[in-house]
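Q: This is what each chain is made of:
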Amino acid sequence: DQQVKQNSPSLSVQEGRISILNCDYTNSMFDYFLWYKKYPAEGPTFLISISSIKDKNEDGRFTVFLNKSAKHLSLHIVPSQPGDSAVYFCAATQGGSEKLVFGKGTKLTVNP
Amino acid sequence: DAGVTQSPTHLIKTRGQQVTLRCSPKSGHDTVSWYQQALGQGPQFIFQYYEEEERQRGNFPDRFSGHQFPNYSSELNVNALLLGDSALYLCASSSWTGFPYEQYFGPGTRLTVT
Chain A
573 DQQVKQNSPS LSVQEGRISI LNCDYTNSMF DYFLWYKKYP AEGPTFLISI SSIKDKNEDG
633 RFTVFLNKSA KHLSLHIVPS QPGDSAVYFC AATQGGSEKL VFGKGTKLTV NP
Chain B
80 DAGVTQSPTH LIKTRGQQVT LRCSPKSGHD TVSWYQQALG QGPQFIFQYY EEEERQRGNF
140 PDRFSGHQFP NYSSELNVNA LLLGDSALYL CASSSWTGFP YEQYFGPGTR LTVT
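Chains A and B supply the protein sequences, listed in that same order. In this text, residue positions in the first sequence follow the working numbering: the first is 573, and each later residue adds one. In this text, residue positions in the second sequence follow the working numbering: the first is 80, and each later residue adds one.
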C-alpha cells in the first residue's frame with residue numbers, strides 16, 4: 573500500500589528550463605510534506621518542505637506547491653542546472669511525527 | 080562539522096547470520112532514525128531512538144532491533160538475515176529541540192545477503 577506515489581521514474585530537461593516533479597498521496601492525515609534530493613553514494617539531502625496549512629513555499633530556485641483537495645504536490649525547479657541532476661524523493665508525515673513516508677523517487681537529468 | 084557517519088560502507092552476509100550497523104549522528108543532534116531502502120524503492124522507516132529508547136517503530140519484524148548509546152550514536156541489529164534484507168540502510172539524525180522534520184541522512188550501509 574503505497575501512501576506516497578511518484579509516478580514518473582525519470583524526467584529529462586534542458587538546462588535553463590523548468591523541471592516539474594510530481595507526487596501524490598493517499599493518506600489525508602498527512603500534514604507535512606518534504607522533498608529530498610539524493611546523489612549517488614550519498615544520503616538524501618533535505619531540499620524544501622511545506623505544511624498542509626500552506627499551498628506554496630519558495631526557496632530560491634525551488635518552489636513546492638500543495639493541492640490538498642487533489643492530494644497532490646509538485647516541486648518546481650527554475651532554472652534547472654546540470655548540478656540538479658539527482659533522484660528526488662517526496663516524503664510525508666503527520667502529527668509531528670518524524671516517521672517519514674517516502675515515494676519511490678524520480679530521477680531528474682538536466683542536460684547542458 | 081562532521082555530518083552523519085555510518086559504518087561499514089558495504090557488508091556481505093550469508094542467510095541466517097546476524098549483522099550490526101553503526102551510526103554517529105550530526106553534532107548537536109540527539110535523535111536517530113533508521114531507514115531501509117531496497118533497490119528501486121524509497122526509504123522505509125524502521126525505527127527511531129531518542130534518550131536511548133525506541134520512540135517510534137515502522138512495520139518491521141522483531142528481527143530488527145536497535146540501540147542508542149549515551150553519546151547519541153546508534154546501532155541497528157538484524158538477526159536471522161533473509162535475502163530480502165539486502166538493501167541500503169540509512170541513518171538519519173535530528174534534534175528534538177530543533178526543527179523536527181529536517182532529518183540529516185548519512186551515506187548509508189549497503190548490505191548484501193547471499
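Please note: incorrect hints may appear among the correct ones.
[Stated by the list, open to error] Pairs of lysine to any residue residues, derived as SDA-like cross-links and limited to a Cα-Cα distance of at most 20 Å, are as follows:
1. A:K671 / B:P140
2. A:K676 / B:G137
3. B:K105 / A:L619
4. A:K626 / B:E181
5. A:K671 / B:K92
6. B:K105 / A:K626
7. A:K671 / B:E130
8. A:K671 / B:T193
9. A:K577 / B:F143
10. A:K676 / B:S165
11. A:K671 / B:N138
12. A:K671 / B:V192
13. A:K671 / B:R136
14. A:K671 / B:A166
Simulated from the structure, these hints should not be mistaken for lab results.
Q: Work down the list of hints and note, for each, if the structure agrees.
A: Hint-by-hint comparison with the structure:
Restraint check for K671 (chain A) and P140 (chain B): the C-alpha separation of about 17 Å stays at or below 20 Å, so the hint holds. Of the supplied pair hints, the one linking K676 (chain A) and G137 (chain B) holds, its CA atoms being roughly 17 Å apart against a limit of 20 Å. Distance check on the hinted pair: K105 (chain B) and L619 (chain A) sit about 17 Å apart at the alpha-carbon level, within 20 Å; holds. Between K626 (chain A) and E181 (chain B) the alpha-carbon distance is near 18 Å, which keeps this suggested pair within the 20 Å criterion.
Restraint check for K671 (chain A) and K92 (chain B): not satisfied, since their Cα atoms lie roughly 28 Å apart, outside the 20 Å limit. Taking the CA atoms of K105 (chain B) and K626 (chain A), the gap is near 30 Å; set against the 20 Å cutoff, the hint is violated. With a C-alpha separation of about 17 Å, the suggested pairing of K671 (chain A) with E130 (chain B) holds against the 20 Å cut-off. Between K671 (chain A) and T193 (chain B) the alpha-carbon distance is near 30 Å, which puts this suggested pair outside the 20 Å criterion.
Straight-line distance between C-alpha atoms of K577 (chain A) and F143 (chain B) comes to about 26 Å, which puts the hinted pair past the 20 Å bound. The straight-line distance between the Cα atoms of K676 (chain A) and S165 (chain B) is roughly 17 Å, inside the 20 Å bound, and the hint therefore holds. With a CA separation close to 11 Å, the supplied pair K671 (chain A) and N138 (chain B) stays within the 20 Å bound. In summary, the hint linking K671 (chain A) to V192 (chain B) is not supported, as the alpha carbons are separated by about 26 Å, beyond the 20 Å threshold.
Restraint check: the Cα-Cα separation between K671 (chain A) and R136 (chain B) comes to about 8 Å, which is no more than 20 Å; the hinted pair holds. Proposed proximity of K671 (chain A) and A166 (chain B) is supported: the alpha carbons are some 19 Å apart, at most 20 Å.
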